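Engineer: Chains A and B are the protein sequences, given in the same order.
The letter at position 32 of the first sequence is residue 32 when you use the UniProt record's numbering, and the numbering goes up by one with no holes.
The letter at position 202 of the second sequence is residue 202 when you use the UniProt record's numbering, and the numbering goes up by one with no holes.
Quick caveat, the hints were computed from the structure, so don't treat them as lab data.
As the structure is a prediction and not an experimental result, all values here were calculated from the model.
Honestly, I wouldn't trust all of these hints.
[Said to hold, decoys possible] Straight-line C-alpha distance at most 30 angstroms; calculated DSSO-like pairs for lysine-lysine:
#	chain 1	residue 1	chain 2	residue 2
1	A	Lys15	A	Lys143
2	B	Lys21	B	Lys168
3	B	Lys6	B	Lys21
4	A	Lys138	B	Lys6
5	A	Lys15	A	Lys33
6	A	Lys33	A	Lys138
7	A	Lys143	B	Lys189
8	A	Lys143	B	Lys173
9	A	Lys15	A	Lys138
10	B	Lys173	A	Lys33
11	B	Lys168	A	Lys143
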Amino acid sequence: MTFICTPTENLDPAKAVHDFTIAATRPWSHVIKRGQIFRIVDVEGCQAVDTLFYRAGDFSERYSAQDTLLAQGSAYVTTGTRLLSNEGNVMLTVVADSCGRHDTSAGACSCEANTVRFGHHTRYMHACRENFVVEVTKWGMTKRDVVPNINFFMNVPIDPDGRLAIVDGISAPGAHVDMVAEMDVLAVISNCPQVNNPCNGFDPTPVRVLIWDGEAA
Amino acid sequence: MTTTDKAARIEALRQRYLELKAAGDDLAPKALPPLTARDGAPLTSNLVRQREEIPGGWYWTARLARGERLRLVNTQATPGVAVFLWNAADTSERYNSADTMKLQWTAALPRGRVLFSDMGRVLASVVEDTVGAHDSVVGGSTPASNLRRYGDAALRNTQENMRLAASKFGLGKRDLAPVISFFSPVYVKEDGSFGWRDDVLAAGDFVELRAEMDLLVAISNCPHPFSPGAYAPQAIEAVIWQGPSPAGDDICRTATAEAVRGFENTDPLFAGR
Ligand SMILES: [Zn+2]
Chain A
1 MTFICTPTEN LDPAKAVHDF TIAATRPWSH VIKRGQIFRI VDVEGCQAVD TLFYRAGDFS
61 ERYSAQDTLL AQGSAYVTTG TRLLSNEGNV MLTVVADSCG RHDTSAGACS CEANTVRFGH
121 HTRYMHACRE NFVVEVTKWG MTKRDVVPNI NFFMNVPIDP DGRLAIVDGI SAPGAHVDMV
181 AEMDVLAVIS NCPQVNNPCN GFDPTPVRVL IWDGEAA
Chain B
1 MTTTDKAARI EALRQRYLEL KAAGDDLAPK ALPPLTARDG APLTSNLVRQ REEIPGGWYW
61 TARLARGERL RLVNTQATPG VAVFLWNAAD TSERYNSADT MKLQWTAALP RGRVLFSDMG
121 RVLASVVEDT VGAHDSVVGG STPASNLRRY GDAALRNTQE NMRLAASKFG LGKRDLAPVI
181 SFFSPVYVKE DGSFGWRDDV LAAGDFVELR AEMDLLVAIS NCPHPFSPGA YAPQAIEAVI
241 WQGPSPAGDD ICRTATAEAV RGFENTDPLF AGR
């Protein structure tokens, strides 16, 4: 297993092979090749970026939050975290992180969960799981393939007694996280539309995704 | 919208969230019942439909009808029994660890809590529980974790057990997601690393789930990957029985506003049945 650790701070956005701004509340998906560097930028700050990964060529292998937490022995995602699949393979490695903490326990918002969390009046509000389903359907998958995800830039501390809450984001405008793909992966993002909790500061904003070829670093 | 309007809207949403958080944080733990006594909640033996002894390291599958109960008896204090649940009528609806924790504002799922599906519905309620130490964050063992922990990837593990169990329902790897591990006293330390509370598990502990919809159940009896000591899983007993119907003030159904709304989403599936 290769473990590529690349200094990525000086990467030039002009040299990215993919540079796309995901509008507030919208989904996105793209295949990232092994060795490429994937950056997510929290453009205006305090925006949760719900993200899933699938192995390109075999989508039944996909991101596993529990395998990731088990292997690294820590509840949060940050620099050095290896993002594992349900086969125990490393999909991507986080190589830089100017935010410092990302959640992978609290999953995505959905219309249905929103009714439970915030009241039945929130059923007809756009939600991350809707984004995920729309996006994975383009790749031949269904809701069945949507599993608990990573929430980049989302702060969900878990107390020793188990208490858990989504609290105010800690990502400043321009905060970014960089990952190196350790296999060819399909990345699927829901730029979270949630306005009922602080994960987006109650006001969703755009994020930017960039991909560089490995030799650019 | 003007800047002032936007700021006012954001402030209103924030206040609403803080009210919900205060209710979730402070109210629910007061409302939750105490743990079941180890000699409490005796089974009514003539209401038992099925009993199974699941050997250490093995898996089992069961179907539960709405209202039936599954009691897992940890007769020899084995550290960790993983469970996964599907809606029997539509297996794309299944246990969602993230929603279960987020909706109840806690990773701790003792007696009085419920297990949510990905559809905002309640799959099962934790109606009896002598131990109160269950893990929904880290999940079960894998060949890799057994290799790291015990130097042997061939030991029986929860990842493969869950795939085997799913296959017996005609389901596959795509139908699996994070599991809940009962009898697994895992906690998150201040620095984010995981701890294991010693001396919590005792022989004779049990946990009992009440099916809130017709369920397919997969059980893997493998040690939690963070459990100390050698790999030595012990047999557990699984009992399916017909417990009493929930009363109007049933604690699992009423402990929190979130549970109430979860059942408002669940019960209409069975209205008139
Ligand atoms: Zn969301």
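Engineer: Please go over all the hints and tell whether each is borne out by the structure.
Structural biologist: Checked hints:
1. Lys15(A) <-> Lys143(A): Roughly 35 angstroms between the alpha carbons, so the hint for Lys15(A) and Lys143(A) is violated.
2. Lys21(B) <-> Lys168(B): violated, 41 angstroms
3. Lys6(B) <-> Lys21(B): Holds, at about 22 angstroms.
4. Lys138(A) <-> Lys6(B): violated, 35 angstroms
5. Lys15(A) <-> Lys33(A): holds, 16 angstroms
6. Lys33(A) <-> Lys138(A): Measuring from Cα to Cα gives roughly 19 angstroms; hence the hint holds.
7. Lys143(A) <-> Lys189(B): violated, 34 angstroms
8. Lys143(A) <-> Lys173(B): holds, 14 angstroms
9. Lys15(A) <-> Lys138(A): At roughly 28 angstroms apart (the allowed maximum being 30 angstroms), Lys138(A) and Lys15(A) satisfy the hint.
10. Lys173(B) <-> Lys33(A): holds, 24 angstroms
11. Lys168(B) <-> Lys143(A): holds, 21 angstroms
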